[in-house]
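Number of protein chains: 2
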Amino acid sequence: MCPSVVDGEKEQELKDLANKLRIHSIRATNASNSGVFEIPLSERWRSVSRHPTSCCSAAEILSVLFFHEMRYNAENPRDLYSDRFVLSKGHAAPVLYAAWVEAGLIPEKELLNLRKIDSDLEGHPTPRLSIADVATGSLGQGLSCAAGMAYTGKYFDKADYRVFCVIGDGESSEGSIWEALHFAGLYHLDNLVAIFDVNRLAQSQAAPLGHNIDIYRQRVESFGWNAICVDGHDVTALCRSFQLARTVKHKPTAIIAKTFKGRGIPDVEDAENWHGKALGSIAENALFEISKRIKNVTKHKLSINPPKSDGTLSAIDFSKIHLCDPPKYNIGDKVATRFAYGTALVKLGHSCDRVIALDGDVKNSTFSDKFRNAFPDRFIECYIAEQNMVRLAIVTRGNVQFFFKVGVAIGCATRGRTVPFCSTFATFFTRAYDQLRMGAISDANIKCCGSHAGISIGEDGPSQMGLEDIAMFRTLPGSTVLYPSDAVSCERAVELVARQPGICFIRTSRPNTPVIYDNNETFSIGKSKIIRKSDEDEVLIVAAGVTLFEAIKAADELKDKGVKVAIIDIFSIKPIDSEMLIEEANRVGGRVVTVEDHYAEGGIGEAVAAVLSDFGTVQVKRLAVNALPRSGPPDALMDMFGISARCIVEAVERLL
Amino acid sequence: MCPSVVDGEKEQELKDLANKLRIHSIRATNASNSGVFEIPLSERWRSVSRHPTSCCSAAEILSVLFFHEMRYNAENPRDLYSDRFVLSKGHAAPVLYAAWVEAGLIPEKELLNLRKIDSDLEGHPTPRLSIADVATGSLGQGLSCAAGMAYTGKYFDKADYRVFCVIGDGESSEGSIWEALHFAGLYHLDNLVAIFDVNRLAQSQAAPLGHNIDIYRQRVESFGWNAICVDGHDVTALCRSFQLARTVKHKPTAIIAKTFKGRGIPDVEDAENWHGKALGSIAENALFEISKRIKNVTKHKLSINPPKSDGTLSAIDFSKIHLCDPPKYNIGDKVATRFAYGTALVKLGHSCDRVIALDGDVKNSTFSDKFRNAFPDRFIECYIAEQNMVRLAIVTRGNVQFFFKVGVAIGCATRGRTVPFCSTFATFFTRAYDQLRMGAISDANIKCCGSHAGISIGEDGPSQMGLEDIAMFRTLPGSTVLYPSDAVSCERAVELVARQPGICFIRTSRPNTPVIYDNNETFSIGKSKIIRKSDEDEVLIVAAGVTLFEAIKAADELKDKGVKVAIIDIFSIKPIDSEMLIEEANRVGGRVVTVEDHYAEGGIGEAVAAVLSDFGTVQVKRLAVNALPRSGPPDALMDMFGISARCIVEAVERLL
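Protein chains in written order, with full-length UniProt numbering: chain A, 1 to 656; chain B, 1 to 656.
Since the list gives no way to pick one copy over another, a pair counts as held whenever it fits inside one copy or between any two copies.
Here are the computed lysine-lysine pairs in the DSBU-like style, where the Cα-Cα straight-line distance is at most 35 Å:
hint, residue 1, residue 2
1, Lys116, Lys334
2, Lys564, Lys527
3, Lys116, Lys553
4, Lys116, Lys559
5, Lys308, Lys10
6, Lys559, Lys334
7, Lys301, Lys109
8, Lys158, Lys10
9, Lys533, Lys553
These are computed hints drawn from the structure, not numbers from a lab.
All chains should be built: construct the whole structure from the sequences, respecting the hints.
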């Protein structure tokens, strides 16, 4: 074994800091306790999830990471050169906040505002705080994001920063953890360290593997990782483990830390039924006992390791991303939009070296392989290790790995390091819905392209048909949803989303469809195109993709019958072009047909009906949660987000 | 090692059968080749995915399973006593169809109709065919379903049938595979055998682990399985492996079969770039070469092992499921609907011993723990093994394991063995969207309850708030979506969904809300309740859950101001009560306000707007894919499912 890497004084400081993190966590969770006594005891434990015990098991881990191992800029947590930290077990948020209190960024008194509506110290970390690159709280997702950050550090930034991710033992049952382990092992992400906080107890009873850390070791080793088992409350042993991790090359390291839930709290440590409970009246005694162990009760003496900067990293100018060549098609050419997607992606790649692509091994179908051929280093998919003649590749079919890849993409995009384009069959994004949802909360800047939309893919059958993708992407707060119908508009859609912040979705189709726009036609997010219009129109048809061409056929047929119809190519489904829809619907006398290769629920038809129902004789005012919400008391939230009685009164009064 | 378990004659028969399966697969995929030559060569490989090569790697596996190892009723594939078979690598459907041709169920000539619109031999297996209990084709899901079947066989049916699942090596990168492995290991499902068809090649290049079957062995062993590595083209070795699997108790067995993609096809076997391609012009030579190896070219001689029946299993009478006690509340009592959910579940449990519950370790929050306390044997969550004092339990927090549990639930429900109720926080069902989508294609009979809907959960923050669950469940074809607002309606909702086929979703809320209905009030799927009504109403408010009580408050306030409003408790969001909504909207002069604790997209507001926009001066007719689709040519599908030009013409004409 290595010799101890810290001297006695430092060891004591790290122990003291761990106990200070415990004290902060207990105080913060107790302070946020207002309201707890209104709730029946039987359900109190969960409905007011506070988690001081989950914080206490990780106290030494965070103490050693933040005050010994990690290199970071405590004044600017999003410094490009700093090590990254992801708290995958997001419910232990207070201990993370506490670490930043000790690091000097967060004022100590702010901790007492935990979970209040006017504080950014939410129940689970979100990027409202500069200390969180990604939101966590839906378990099992942190390691994917961390792996994306590590991949970016190693292969795109080629920088020294490292990535640390603390994972709960409960969440290690999540498949997404195993996908991330698989990915990081195959890519030799030796700048990534995962710390398993094996505190034995899950919510209401023991986690599946209890304290059997050897099973964790076997599993992570079989997934290509270096594994170190350690007493997670021994700061010296932790320091040594991290030092070891630094020396291991070509493999990520997993530190399997045996810990105890509620460590240090008398009668609570390692006891069941304390998950998610504030200590309440026993807090005082706990604080007294923990304080007794602290030698240096004043400000700690340890300095924080500054990041290693070599001056090579700079902010990326995303405004420069554009199609280096305009679309080059002839009207009437038959080109699948998925093909145009690949073409446009290559053009973007030439304009900015931080455009990257990820695919779920359908690159020959989504045509992201064009990008891979042009920029192999910026395509995250396969890795070939000649050693042992084992060909290692993250190439598998269909949706494989995909939902996890969204997590990687979110990680790659943090701190503005890349603009990731993820492509797969539209329907396989359903596998990533929870990751996309958390991506929206993370303010993630990722671009998704779903090909093979709808029943027009044909023989492969329903399992491969995207029929709910529009509904799904529309629900993400702040998302953009574009549905180009021809190659020209598709190339422009790709350019538009690259420059649009947030989660953007482009829906492409399998069949070849005719080019209908001039190469110099301009497109905008939030704007539709009217492609048929006359003074005698009696009905408006709204369509996109394959159904737009059905609409054109129908219009021709109707014209022969003496009926003229207008046609809108909706293009931008979210935001929707309310202005044009309302104007055109009124112009034709209020008769509208929508047609889409998607289920009715949440699709184009409902989006259009929703807009138009604001203005008919039947008027429907729809109140719903109108922005990405946050932590706070239910009543205040309902008012803040537009669904309280007050809002209803206002809506009714506006209708009258 | 065991002695050979088959004699020379049988060995030859099994070899012959494997080659016959190859021949059928090649013929079927070639016959479905119409149209292939219209597609540019560069994209032909994928867009017409046929997969004879993926069939050939599994030919000996299926030959040995269907004609040596499995016990089943070839005339009635859904026989209750028969062994179950799940083809997780659903794209190899032709070899499954071929096995049933040899078993005598499917006429040989039907194979030539593969993927045609008037044949049930779809591109990927679906339960349109009696030979498939679950749809596969979205990879990585089959083992979860198989584990649910095995759990049901071992613990509910207590029957002898066994479950076999063939998994591709590509899809074994999926996290859901590892969750299923973890689950089956913890539950000691020794009636489950997973066969990994390690044919080395994924879609366009080698699978991550190539032919390194020892890594598979290490991984599955670390997940608690018995692992057997075998040459997957050696029928004798396969027979021996299955025999060994039968003798292993308390552990499931994984057979890691080293195979070659395209086995037996000259110049194609083990070659890259043949994934998903029909053989076309080289088929004739391939058939010739494979035929040469068949000794018994006529009908095979092997008889199929009949299932072991002990007469104990019978069809379950789901119509008898009911609340054994009616709701017992007083109007004005404050009770959370999630609490009433737990109460009702116990009452159902008393009426039928095949009602089971699964939870994602939030049972104390969703109140499914009431069911666990009443019927511990029917609650799938934890398992305690005293051996080695390791406490094993599938208990982890939040969404952990959940998306996989939907897969287990689907498996438990097959052949009508149970009615599974799955509960977790509403938002964590997003993790299972792809499984739910495939569940709808599988015609799965599962009941989901999402608690903690919306921002009214308060301080836990956005990661825990269900704000897209209504949109998600609405998109599932054939789904039912209920949103009870008080305890009485919630208990009735639980009873209603238990008797309603298909995927049903009940949305419950965290806060306590007042009881507003009499205990003897009746509720129906597709029917709303009007809870405020007067002759002077000027506006209609449509709400549910916490917002219903906001609406009541608003109505009281408006009344003081001299404005009367009607209020509808929507209760049944899908199917929606169009009749009442239209009638009431018209009655109040067409002024409607909807209010929901959910994002606007795909929620109550859009559903209501969609219904009402059919009847205003602005009329919106929405054409969308109007049923669960199927395999077929794109044009035919678009017409069949209501979005072709013909349908548009009809819609326009109806509007005029």
